[in-house]
Amino acid sequence: MSRTLVVIGAGGFARETAQAALAAGLPLAGHLDDDPALHGTEVGGVPVLGGTERAAELPEDTVFSVCVGNPRDYASRARLVDRLGLPEDRYATVVHPTVAIADDCVLGPGTVLLAHTVLTAAVRLGRHVAVMPHTVLTHDDRVGDFATLASGVRLGGAARIGAGAYLGAGALVREGTAIGAWSLVGMGAVVLADVPPGEVWAGSPARRLRAAPPFALDRLARSGLPEGPARPRTSLRPDHHHDDAARSFRAVPARGANG
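If you read the sequence shown in my numbering, its first letter stands for residue 2, the second for the next number, and so on.
These are computed hints drawn from the structure, not numbers from a lab.
Everything hinted at is true.
What follows is a set of in silico ranges between Cβ atoms, one per label pair, in the way DEER data are often shown:
| hint | residue 1 | residue 2 | range |
| --- | --- | --- | --- |
| 1 | Arg80 | Gly13 | 14 to 24 Å |
| 2 | Glu176 | Glu58 | 39 to 49 Å |
| 3 | Glu176 | Gly225 | 23 to 33 Å |
| 4 | Asp105 | Gly26 | 18 to 28 Å |
| 5 | Asp90 | Gly41 | 23 to 33 Å |
Glycine included, every Cβ here is placed at the ideal spot set by N, Cα and C.
Modelling step: build the complete structure from the supplied sequences, incorporating the hints.
Rendered as structure tokens:
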């Protein structure tokens, strides 16, 4: 990648992404963050250039990685991308050099893979997916736009992770299982059955705790996907129009990551 990268956000995930970019040899200009107290300072040795409104002012050869969000508000990345309104070719795909990724995997724009992640075969990730360190995605997994896989998540083969879903650290997902859009799976959960859209599940085996937070249900409603009981498994197959991970997007083959 010859264009200059700016990481949007200056919190933990943003700092991790900046360090991954530096490790990969990407030309990193700095962070944008809406906390005025950070402007003109450095985080992790990387300057904070100003607020997110500056993204529209930066040269066209600048690309961005939006790195915000946490379990308390895992829809914030999607809202910020909506607000920025940038074309997809302005978003970088950042892959730490220790990632093991098969050549037949495909990554959407804005996606970040942190250290020691493994993608074994024919994995497809959507746009702005956040994959934390030591996560393993196995054959034919599909991960929808804006999903977050926290550190140590393990997906069995042909798992389907819906748009905006958040999987907590160490969660295990059985092969062929679907996690619905904008749902949250707790830390260390063992998911043996499909999780419907817009729900919070936790435990071993994972069980429903409650509905997802209002911000997640709002995104789900905007997506046009139904809430409530799990949809038939066919609705999460990659050839179905509701599977955000299988939609057409400006994808990056594994061999072209960071390039």
